[in-house]
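**Student:** Below, each chain spelled out in residue letters.
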Amino acid sequence: MKPPGQRRCRATALVLTLALWLGLAGARGGGPSSHATPGSPAAAQPRPPSGRHSDNWAVLVSTSRYWLNYRHIVNTISIYHVVRRLGIPDSNILLMVPDDLACNPRNPFPAQLFNNESHTLDVYGQDVEVDYRGYEVTASNFLQLLTGRHATGVPRSKRLLSGPSSNVLVYLSGHGGDEFIKFNDVEELLAQDLADGLAQMAEKRRYRELLIIVETCQAATLLQRISAPNVTSVACSQKGQQSLSHKSDGELGLSLIDRFTYQTLAFFERMDISSTATLDDLFRTYSYDLMESHFSYRMADTARTPRDVRLTDFFGSVADVRTDSDRGPQDAMYHGDPQLGRYTAGYLQQDPAEQLDEDLLQARPADQAGLGPQLVRPAPPAVAPNWHLRASLSSGVVALGALLVACVWLGGAA
Amino acid sequence: DVFSEEALVSWLSPEHLLVHLRFDQATTASRIHTSFPGSIQHLAASLPLHSVELALTSGRWRYSEWGWPLVPAKPVLAAAFTGALDEAALAAHWSSLVHALSGLSCASLSLLQDPATVWGPPLRLQDLPRAGASTAAVNNSSSTAAAAGEAGKRLQALLPREALCTENLTPWLQLLPCRDQAGLASLLRHRPTVFGSEYVSLGLAVEQGVTRRGRPGVRLVQTATLVLRVPPSPDGSAAAGPGGVAGPALEQALHARVEHFCPAAIRSQVYVTAPGAPGAPPSAAAAPDVVPQGGGTCRTGSGDAADVAAGARAGGGEDCPLPGAAGAEARGDRAAGGEPGAPPGPLPHLLMYDTLEQLEADAGSAGPGLDIPLGRASPPGSTEPQPGGSRALQRRPPVWTERYLTGAGLLRGGMVLAVRRSGELLGALAAAQGGCEDAGGGGGGGGPGDGGGGGGGAVCLAAVVCVQQAFPWYVRPWVHTLEVLYDGKAVPLPSVMLAGNVRPALQRASPGVLDVCLHVPAHVAELRLLMGFSKGFLTAFEYPPDAHRGFDIPAALVSFAWPGPDPDRLATPALQWRRMHHSGDDAGGAGPSLEDAAASPLLAALRGGPVEQ
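Protein chains in written order, with the UniProt record's numbering: chain A, 1 to 414; chain B, 1 to 613.
Careful: at least some of the hints might be erroneous.
Said to hold, decoys possible - Covered by chain A, according to a simulated footprint, are these stretches of chain B (three or more residues, beta-carbon under 8 Å):
#1 99-106
#2 189-201
Stated by the list, open to error - Below, a sample of chain B positions facing chain A; criterion: calculated Cβ distance under 7 Å:
#3 S95
#4 S96
#5 A163
#6 C165
#7 T166
#8 E167
#9 T170
Bear in mind the hints are in silico, worked out from the structure with no lab data behind them. Note that the structure is a prediction, hence the values are computed from the model and not measured. Here a beta-carbon is modelled for each residue, glycine too, at the ideal position from N, C-alpha and C.
Go ahead and model the full structure; you've got the sequences and the hints to work with.
**Tutor:** So, in structure tokens, the structure goes:
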């Protein structure tokens, strides 16, 4: 007769094993390796988000370069301004801006970008951090960013490190058409690419809820293939409609911003982090009279309405702060740690500042060491063939081949 | 951890003000840092780096108006790796370095990861004699190999065009212990002024070093160089400083206030070139009252070896006059670090302000933080250049270079690089020629003279000009068309080439490099290199989106050494800056002896600007 405790133990182990096996099977079904086609019931099944999100991320993309597309970059920077103001830290914002307009020689206001002709609100700000810029803004980089499939070595600041409890905001602005948006005038992101990317994000559990806003011509067509769960998509224009720019600025000589984003920015400028405004409140400020295009939204979870979604869930910031005893040497040092002695010893071993100053700061670079009036010996003529060989390499195999043929021919003739 | 900040302010022309900020940090600690940025420490610890240097520049240095740049232009990214690394490891390290730096600088450096933009060990003027001495049979390839072997592997890359704006400054400032909230870095707080200036350059250099005790250390140098256009004030009212110093204050010019000092800084100094003629004693121009200084503030330069040995902080018998003190806060806390008077004349006099003390004194009052008057440079017409070539910061460039394209059409073309020596340089060269010959005769016995037998006559280093030019792979230079003209007369290349490294481009893999060091006799006033090229075929997707604006060819780098055995004549600006640093530091450091400093070659880079094709 075994003691009852042991039997209970075995039963628990059995249950555990079963649970583990079930869990593995479930994970295999929903893991990132499986490639669920978007639109299949498995991917489209909405799992209503439970609980509260733990952090916020924002991916803000402009896809146009050149001075004439000032407004697209200001659109994106405006949303950046909004999310920064509402508290999302720079480390959680991935900003893709393909051209540098703030310091463009044509900009009479260096290092400033304005949202309207009064030039009162500088959306560029004092400490913007652009993560992808110039020719790095490509459709493939954008999709890699969403899906997290980067080359090794890409720094953390260029990755979207969101998790299953993160709320992600995606904003796109640029030139587009029926089911595509152009990237830098050389490539296009198709609606199906975007939908696949978001579906993959869902499979990899890279977001809890996702809000995607697109400001482009015929924006609704770009979003119509999205089938990933828990995605709210907002488009500024319908098929066949343009996304129009706001008034032109006399001093800069072009339109500063697009109308849809102008309305959005105006709404958010009146809002702060304690606001309880919902998506519905934002939608009510959009009107055809101001934008001359019909905005539309889609929510994958049909049970919810815009009235249930607070704007601060996406544009504001929630930070998950955990205190832990060994997060870092500094923390450990301050909060009492058995290894304090070791750290202190390490600290005391440091060289005094004056000596560091002497040894390192005042050190002269090695290559600037004195040379004096020195002599350099010219290269002997033996160098020349070597050099010629390289030169001829550069001018192609043809020359060499011709030479060879000539030699053979000469030899034959002799 | 140690942090020091310095600034140099100087007028380049009556309207252009040069502001150069330099922040130095160093540490030997491996884990716990009080101020040193952990990301840099991590970078230095995880890669076998000897040094890495990143420079982002926008704007154009106007050589003709502003004279020679204080801080020479640099390739965008240059790194030296230690140890013997094979190609694959080198490529991997380079790639991770580029990724790390692009995260640290917000620049689109990942394009540099592409091997088509990176080229191998550049031939450097500094390495020539060393290599010549070390190898018995002086050979082209062996000399470069020896040079490369000494310093590990060196790689550099150039982005022909890269924007520079607030987003680059933000992470750059985050590496500073006080960011832009305190200390001299808060001079950069008004971004429109900073980026509205005519020339902006941000530099970041990481270097591994060893302290005297043999502990490994990491050093981080951040530099910011601005050239501001400060229009003359319509009324002369703001100009009237108490000391008769005319001109706006430094903070006024930058539209920024320095409100606090940075507690981490052990040194925080501002140097201002004294108004008036260079060579005049600073007290005559600026300060009517000469106040003897307390021992702590007045420092002499490191020019004299005797002073170095004494290690005395108090001036070695030199009076340190106060510069024109503005306002009531004129305490004894400003010292004029008049540059060492040993050779009077060659250096402009610098006024030194100790920011730490000044701000500390003002801490109680909410008044103006840093009040440094800038004397406006007198118009160039009024001060006649002094005989003997006294080189102020504002002076004619000794070398004038120009690069342009010839030919028409999209397929073929030619490129011309002209290097002209100024009369001043020619004079110095001619003067140096005798000394160089002497030195060559005397030193030949122990130096490189007995290294290789049978070669031609040795050449004075001052008569060497090195030209380095990289081409993207789709521009195919025809090296056999390379012509060298001295004063318009063609010379055969092999006879004048001292060392060369010509590497043809590999299609879509690596850029072509033309790297030659030529012996240019002292009498030659103009050197001209001509070369033809044709353009490679690009597929549609290899064109940049803005194909109509042509292709950028990286700038050519022209290096030469300022000649002469006479240390008095040798104050090149780069040298001056370095020397000034030493004079700012306490004199106990191993200051360079003048002879050492004098012979240091000046690397002069030319930003030829993007060349349209």
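**Student:** Which numbered hints turn out to be false for this structure?
**Tutor:** The structure breaks none of the hints.
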